[in-house]
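One letter stands for each residue in the lines below.
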Amino acid sequence: MTPDDVTAEAVTTVVFVLLALVAVGFGFLVFRVDSMARATFALAVSFVAVGGILLLLDLDYLGVVVVVMMVMEMAIMAVFMIAYMMNPAGLMPMSMYHDKARAMSVAVGTFVVLAGGALLVDWPERQGAPPADVTEQVGLGIMGSHMLVMMGIGAVILTTIVSALVLASARSRYDRLGDDLKTRPARDPIRGGVGP
Amino acid sequence: MSAPLLLVLLPAAAGLALVLLGPRLDRSAPALAAAATAATLGVLLGTGRTPEIAYPFLRGLPWRLGTDGLSLVLGVTVCVVTLCVLLVAPSQVADRRGRLASFLLLFLSAVLLTLLSRDLLSLLVGWELMGAASYVLIAHEPGNRRAVDSATTALLTTRALDLGLYAAAGAALAGAATLGFDGLPGLSGWPLHLAALGVLAAALGKAAQLPVSFWLSRAMDGPSPVSALLHSAAMVAMGGYLLLRLAPLLAASGWADDAAAWTGALTAIALGVVALAQSDLKQLLAASTASQLGFVVLAAGVGGTAAGGVHLVAHASVKSLLFLLAGLWLHTVGTKDLDGLRAAAWRAPAVGVLAAVGLLSLAGLPPLALWGSKDAVLAAALEHSPLLYAAGLLAAGLSAAYAGKVLAVVLTRPTGPAPLDVPWTSWAPLVPLAAGAAALSLLALGATGRRFEELLGAPLPLVEPFGLLVSGALAATVLAAMWWRGEQVTAAMPAAARQWLHLESAGHAVAVRPVRALSYALAAFDDRVLDHAVMAAAASTGRLARTLAGADDRLLDHAVEGAAAGTVRTARASGRWDVEGVDGVVTAVAAATRRLGAQARRTQTGQLHQYYGQAAALLAAATLLLLLVR
Amino acid sequence: MPVSELLLAPLALALLAGFVVVSYGADRALAARAAGRELTAAGLSPWPDVARLLLQRRRTTTAPDALLWRVGGAGPLVAAALMLAVVPFGDTVIADLPVGIVWFNAMDVLLWAFIWLAGWGAASATALIGGYRYLAQALAYELPLMFALTAPAVAAASLDVREVVAAQGDRWHVVEMPIAFAVFLLCVAAFSLWGPFRAPAGSDLAGGVFAETSGVDRLLLLAGRHALVVAGAAFAVPLFLGGGAGPLLPDWTWQLLKTLAVLLLLVVVRRRLPVLRPERFAEVGWVLLVPLTLLQVLVTSLIVLAEAP
Amino acid sequence: MSLEALLVVAAALIAIGLYGALSQQSIVMLMMGLELMLNGVIVAAASFWYYVAPSRPDGQVLVLVVISVMTIEMAMGFAVQTAIFRAGDVELTDEATELSG
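Chains as they are written, first to last, in our numbering: chain W, 1 to 196; chain A, 1 to 630; chain V, 1 to 309; chain Z, 1 to 101.
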């Protein structure tokens with residue numbers, strides 16, 4: 001190992017420890033802060049840290065994608081959070097917990113079991129090396145050997161879109177277009193855009 | 001995409017698009033379809049001969065498509081005829097033109113698939129699609145019950161014989177584990193004979209040969225443009241084509257080639273007589289089609305692939321021209337009955353010239369198309385057997401006779417009817433067909449014949465000048481005879497010939513009625529024998545029961561009453577034991593179960609987080625179990 | 001990391017600042033012309049405003065979430081700088097990421113959080129509504145933007161910005177993907193609260209997300225907005241306009257000149273268009289722009305297939 | 001950095017997420033707990049990919065699947081939350097007891 005390698009590894013380790021602490025620490029903060037906005041964005045920071053960890057593992061694409069997806073999700077989550085919480089800004093401190101002690105014991109137990117397993121199990125040796133273009137590998141994977149998986153995911157996502165809309169929307173096309181679906185223009189609460 | 005598949009998919013895609021858009025594009029659909037056909041023709045001409053290409057389809061059984069000389073020539077013929085039909089169709093069909101055009105394209109696609117296929121699997125696909133499209137096309141007129149019935153008759157007849165192809169495919173798989181055409185002659189034993197029989201049946205059925213020619217008569221209920229494509233150039237011709245393509249298989253079987261040759265010769269004669277007896281122009285043309293296809297089948301039987309190919313092409317050109325003319329007259333004069341068409345040729349001279357060319361060619365007058373092509377077939381037959389040659393010559397004379405009959409009618413000197421107003425658009429597209437009808441004998445003769453041989457890769461038989469002279473003279477003589485004595489000849493035809501030799505009734509008698517009778521018999525057997533047995537058993541059971549009841553009343557009752565008193569005593573005793581002993585145990589078990597059930601319900605709190613906790617605990621337990629078991 | 005690249009970072013920041021100044025000046029010039037005022041050098045200079053905002057005392061609201069407010073205020077500028085980090089100037093690029101295009105997308109997504117936080121932190125109704133408007137707008141523009149970014153990536157078969165530049169050669173991507181280019185510029189305007197997409201900071205909300213900001217916070221947010229437009233313009237050049245390709249001048253010069261051109265285009269357009277209501281734009285985005293960009297990607301793919309050896 | 005260290009981080013994220021899912025009354029907060037657990041799964045999948053079988057795409061595909069699952073979970077979660085809030089003004093898990101047997 002050359003001196004440069006040692007330096008690089010030390011830097012990697014330090015960065016990793018920092019990211020891991022951020023991921024776990026902000027993850028815990030999610031359930032400790034009063035303000036819902038802070039909770040949401042603590043979770044977002046945790047996700048960004050995990051994205052950083054993925055970058056350390058040479059997973060450039062997936063790391064950035066995790067950031068993209070999760071920050072979007074959290075921004076939307078904040079909206080719902082504020083829509084459905086009694087005290088979103090945490091201005092009037094109140095407890096929103098139940099079964100705190102039991103939950104903590106279950107969580108600690110889970111951690112002990114999982115971490116113990118992680119440390120005690122004799123994991124297999126590394127086989128092969130990452131390809132030169134990691135992104136290409138996953139691209140070829142989902143377009144080739146794992147195509148079925150992604151096709152399944154696609155079908156599930158389509159189902160999700162439809163069922164989520166059906167569940168969440170109070171209005172249907174009959175509200176928009178009348179009982180015979182012939183009302184034009186549609187009776188939208190807000191007019192405009194394109195389409196009937 | 002490689003060319004063979006493109007050739008099939010181009011018209012299919014265009015046809016499907018028109019099916020979807022058809023109702024909206026009703027007026028412009030024929031023009032669009034014609035454009036698609038022209039494009040297909042362009043691709044076909046640009047492709048030329050290609051080696052066979054295997055497209056993966058089933059494991060080990062690919063689609064094998066390729067273009068060789070024969071499929072190229074027939075493909076070009078079919079495309080040209082389709083183009084002419086599509087250009088003429090708007091002037092002859094008023095309703096649902098979009099539907100007509102789109103299904104003509106789909107039909108074209110199926111025909112091209114049939115022509116390009118080099119294995120039974122893709123052939124079957126093309127064959128079946130062709131049949132289905134023909135059904136839709138024949139039953140084109142909305143609300144015409146008879147046309148629908150006729151389409152059904154045609155479809156059922158040909159489909160029943162198409163089962164032969166499936167049998168052939170099965171035999172080929174069993175015998176050689178391949179469906180390729182090249183592997184078929186290599187079969188031996190029963191697979192060879194079954195394959196030959198199956199192919200023969202399917203091809204003869206499609207080509208409307210004896211004894212199933214009647215479906216072609218029924219198919220005349222469809223629109224004339226449809227007949228012009230299906231019953232001259234494409235569908236019936238595909239029957240002949242299949243035999244030409246698989247002539248090696250027929251030869252290998254040792255008997256199928258002779259059977260084909262004689263069936264062809266007999267059909268050519270018998271349907272020639274039928275044609276001569278017809279008084280309806282389309283029926284006459286239909287019978288003549290079957291008769292002319294007889295020559296092709298004869299050629300296939302004697303191994304004259306090239307001669308048969310020439311005759312197919314020449315006949316397609318002549319007959320599509322005549323069918324379209326029949327449609328034109330039906331549309332303008334208002335009838336297809338020969339009596340009504342008297343002097344029709346003079347009433348629209350341009351159309352009359354076309355008709356004369358077509359009919360003279362059909363008669364086999366030198367130097368027109370069918371003269372040369374028919375002589376090529378006859379020469380091939382002569383190499384094989386003089387008897388076949390003689391039969392062919394007889395059939396040639398008959399074709400001159402029925403052509404002469406029509407010619408005499410339409411060329412009668414006009415006596416009254418006013419000239420017809422026929423726009424040039426409705427006859428101009430026929431000119432290329434007429435040109436073909438006039439000139440295609442070149443394919444069989446002389447230098448052009450040699451070039452054609454090279455293209456086909458099969459030798460034409462050497463046509464003796466003497467033979468040409470004989471058949472030409474025969475045609476001229478018969479034509480002259482028909483011109484002067486046509487009425488008498490027609491009148492001399494047997495009545496059976498007018499009714500297509502009662503082939504349809506025979507078909508009903510031989511195939512339909514037995515099947516129906518068998519099913520009735522089976523139903524009757526079910527009703528009478530099986531049902532009867534069941535009912536009899538039931539009745540006798542009833543009688544037995546009554547007898548036993550009588551015995552019961554008289555003998556057993558006493559014994560029973562005595563026993564009953566004892567039973568009652570026993571029952572009381574056991575009742576006490578039941579209430580005090582068994583019941584107690586049951587109640588206790590039930591109570592315990594209920595308690596357990598209540599306990600179990602406590603986990604079902606409806607609280608999401610508690611479910612999560614349970615799930616976590618369960619997972620932990622499962623992990624533990626896994627660790628312990630390992 | 002080599003020292004030279006470390007030196008590049010301040011250089012790039014200075015460049016960004018310069019462009020922001022240009023953008024501001026051009027905008028002021030157009031505003032002055034529209035109002036019929038006379039153009040003076042002092043009127044175009046941002047420095048008086050900067051000085052005023054730096055010296056201004058911060059106002060505050062009753063119960064602000066100060067931390068989130070500051071993060072939201074400074075975030076856009078940081079995101080813009082990070083976007084610029086993957087833009088190549090000639091052969092030089094500060095961060096040569098193999099997934100530069102996704103990186104740009106990630107930075108743009110971070111804006112969802114930052115702008116919303118700027119609205120939330122102020123604890124004021126108008127500011128919060130501005131934040132919500134931004135999210136509604138973001139839901140509308142994000143998917144078209146993603147697909148618009150996909151088209152050049154597909155054409156180059158790479159997510160690396162430099163490879164996208166290299167893949168263009170003489171024929172710039174804008175020729176074969178005009179829809180993607182137009183949608184991209186639209187989305188740049190949308191994530192920068194620019195022109196027709198200024199509803200989140202609209203005057204009907206008394207400034208929306210800007211409403212309660214003052215002093216340095218306001219300066220950062222305003223500079224961030226201009227910086228986002230600059231970063232978007234700079235990113236459009238390697239994606240669609242051939243990067244540094246051009247005659248005579250060195251590559252980096254062409255990159256700068258083209259960036260300037262796109263930037264001026266955006267500035268000019270800014271005042272010409274009316275404000276679009278976010279909910280209307282949502283329908284346009286989903287019903288019109290998503291299919292259009294998908295079609296663009298399809299066309300691009302077909303071109304790639306047709307030109308494949 | 002090693003496989004064990006990464007797995008411990010993943011375990012910590014999963015445990016914290018589980019704690020949140022079990023202890024939070026608000027449905028939205030509960031979903032944040034679930035997201036955090038899946039976050040741990042991402043770390044675990046990525047580290048298994050890197051340290052066990054980097055030459056195969058399975059690990060990466062698993063990460064993609066988990067990301068999709070997270071979005072699906074969130075979409076359905078909010079849809080259900082909206083539906084039950086609309087039906088009965090329910091926003092706490094303790095009030096959503098239709099499934100209680």
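Treat the hints as calculated values from the structure; they're not laboratory data. Ideal Cβ placement from N, Cα and C applies to all residues, glycine included. You may find that some hints are simply not true.
Said to hold, decoys possible - Computed list of chain A residues with no C-beta within reach of chain W, every gap over 12 angstroms:
#, residue
1, G189
2, R528
3, Y612
4, G613
5, A616
6, A617
7, A620
8, L627
Claimed, not checked - SDA-like cross-link-like pairs, simulated, lysine to any residue; straight-line CA separation at most 20 angstroms:
#, chain 1, residue 1, chain 2, residue 2
9, W, K100, Z, Q25
10, W, K100, W, S35
11, W, K100, Z, V8
12, W, K100, A, T178
13, W, K100, A, G606
14, W, K100, A, G613
15, W, K100, W, V112
16, W, K100, W, V14
17, W, K100, Z, I67
18, W, K100, Z, L34
19, W, K100, A, A615
Going through the hints against the structure:
For G189 of chain A, the requirement that its beta carbon stay farther than 12 angstroms from each beta carbon of chain W is met, with the minimum near 45 angstroms. Against chain W, the non-interface label of R528 of chain A holds: every CB pair exceeds 12 angstroms, the least being about 56 angstroms. Against the 12 angstroms criterion, Y612 of chain A falls within the reach of chain W, whose nearest CB is about 9 angstroms from its own CB. Non-interface status of G613 of chain A relative to chain W is broken: a Cβ of that chain comes within 12 angstroms, the nearest being about 6 angstroms off.
Residue placement check: A616 of chain A does not keep its beta carbon more than 12 angstroms from all beta carbons of chain W (closest about 6 angstroms). With a minimum CB-CB distance of about 8 angstroms to chain W, A617 of chain A fails to clear the 12 angstroms threshold, and the non-interface call is violated. The Cβ of A620 of chain A sits about 6 angstroms from the closest Cβ of chain W, inside the 12 angstroms cut-off, so the non-interface label is violated. With a closest Cβ-Cβ approach of about 9 angstroms to chain W, L627 of chain A is found to fall inside the 12 angstroms limit, against its non-interface label.
A distance of roughly 10 angstroms separates the Cα atoms of K100 of chain W and Q25 of chain Z; the hinted pair therefore holds under the 20 angstroms criterion. The straight-line distance between the Cα atoms of K100 of chain W and S35 of chain W is roughly 19 angstroms, inside the 20 angstroms bound, and the hint therefore holds. The hinted pair formed by K100 of chain W and V8 of chain Z fails the criterion: a straight-line CA distance of about 23 angstroms is larger than 20 angstroms. Between the alpha carbons of K100 of chain W and T178 of chain A the distance comes to roughly 72 angstroms, so the proposed pair goes past 20 angstroms and is violated.
Straight-line distance between C-alpha atoms of K100 of chain W and G606 of chain A comes to about 18 angstroms, which keeps the hinted pair within the 20 angstroms bound. At most 20 angstroms may separate the alpha-carbon atoms for a hinted pair to count; K100 of chain W and G613 of chain A meet this at roughly 12 angstroms. For the given pair, K100 of chain W sits about 18 angstroms from V112 of chain W by alpha-carbon distance, which is consistent with the 20 angstroms threshold. Annotation: proposed proximity of K100 of chain W to V14 of chain W is violated, straight-line Cα distance about 34 angstroms (limit 20 angstroms).
Only pairs whose Cα atoms come within 20 angstroms are accepted, and K100 of chain W paired with I67 of chain Z is rejected, the gap being roughly 29 angstroms. About 17 angstroms separates the Cα atoms of K100 of chain W and L34 of chain Z, which keeps this hinted pair within 20 angstroms; it holds. Note on K100 of chain W and A615 of chain A: the hinted pairing holds, with a Cα-Cα distance of about 17 angstroms set against a maximum of 20 angstroms.
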